[in-house]
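**Student:** Residues 9 to 259 in this note's numbering are what the sequence shown spells out, letter by letter.
The hints are simulated quantities; they were obtained by calculation from the structure and are not laboratory data. Cβ atoms here follow ideal geometry from the backbone N, Cα and C, with glycine treated the same way. Hints may contain errors.
Each computed DSSO-like pair below joins lysine-lysine, with the alpha-carbon atoms no more than 30 Å apart [claimed, not checked]:
#1 Lys134 - Lys24
#2 Lys198 - Lys215
#3 Lys127 - Lys144
#4 Lys198 - Lys144
#5 Lys198 - Lys180
#6 Lys83 - Lys127
#7 Lys194 - Lys180
#8 Lys227 - Lys180
#9 Lys24 - Lys129
#10 Lys215 - Lys59
#11 Lys24 - Lys146
#12 Lys83 - Lys144
#13 Lys83 - Lys134
#14 Lys144 - Lys134
#15 Lys227 - Lys192
#16 Lys134 - Lys102
Pair by pair, the computed Cβ-Cβ distance ranges are [to be verified]:
#17 Ser103 - Asp232: 53 to 59 Å
#18 Phe124 - Thr85: 15 to 21 Å
#19 Lys127 - Glu173: 37 to 43 Å
#20 Ile241 - Thr111: 31 to 37 Å
#21 Leu64 - Glu197: 23 to 29 Å
#22 Asp247 - Leu64: 23 to 29 Å
#23 Glu224 - Thr111: 45 to 51 Å
#24 Lys227 - Glu130: 44 to 50 Å
#25 Arg60 - Thr216: 24 to 30 Å
#26 Lys189 - Thr85: 36 to 42 Å
#27 Met140 - Glu57: 34 to 40 Å
#28 Val234 - Phe124: 49 to 55 Å
#29 Leu136 - Asp51: 36 to 42 Å
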Amino acid sequence: MELQDRFWNATIEELKQGFFEEDHGWVCLLCGREIEKGLIYPDDGLLYEPKRYIALHVEREHGSVFQYLTGLDKKLTGLTDHQSRLLQLFYQGKSDAEVQMETGIGSASTIRNHRFALKEKERQAKVLLTLMELLKEKDAHAPSFVPLHKSAKMVDERYNVTEEERVEILTKLFPSGTDGKLTKFKLKEKQRYVVLREIATRFQPEKTYTETEVNEILKGVYDDYVTVRRFLIEYGFIDREPDGSKYWLIS
9 MELQDRFWNA TIEELKQGFF EEDHGWVCLL CGREIEKGLI YPDDGLLYEP
59 KRYIALHVER EHGSVFQYLT GLDKKLTGLT DHQSRLLQLF YQGKSDAEVQ
109 METGIGSAST IRNHRFALKE KERQAKVLLT LMELLKEKDA HAPSFVPLHK
159 SAKMVDERYN VTEEERVEIL TKLFPSGTDG KLTKFKLKEK QRYVVLREIA
209 TRFQPEKTYT ETEVNEILKG VYDDYVTVRR FLIEYGFIDR EPDGSKYWLI
259 S
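Turn these sequences into a full structure, and let the hints guide you.
**Tutor:** Listed below in structure tokens is the structure:
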């Protein structure tokens, strides 16, 4: 199962801690870093068991799971920028009066109303989760949707792709297999999303690339590699330094 699939299928407890357990070890849900079981990991003069070490990785590399999740696109969280900001301030332990002073919103009473609205959203989310779980047991016609990557930008209809559609698109556009060359890149939005998602798998997580290295990889995909590179960035699959000196896959 791909990391994106695992992220969206994780339990709430797994999401809260930021990692999950597999037979061979522990895996970070946020970037895919793997920590093997049965080893002891030395770090800054201390020795860590695998589970504690992956927890340390999440803390060091991602700040906190709360910070990471509130930083996701609002189309993925269902939160407005304003709500995400309030949640961050509440998480920091600030009182209603302190939040009011920092944000300049109304009064402390206004902040309490925002807290109430967030609790209402929580209750609604629990009901929806329960309904969807019950629906899985009865809805034999539900298609399998391709999961969104967490760094998706401009989330809209183009991301509404079933697994069946994904296979059909890739089979048509990569006649020699997905490790071969693309036949064309002038595509409809949904097709382009599926193709870019596949191309992104040619990059390794947690590895930085020079522009030359990125170009070499993309030349194996399509002759106009510059256009492909631009769309990979535009769709949020890869990112780069402002001067183009480094590129990396966004996990």
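**Student:** Provide an ascending list of the numbers of those earlier hints which the structure does not satisfy.
**Tutor:** Hint check: 21 fails alone, others pass.
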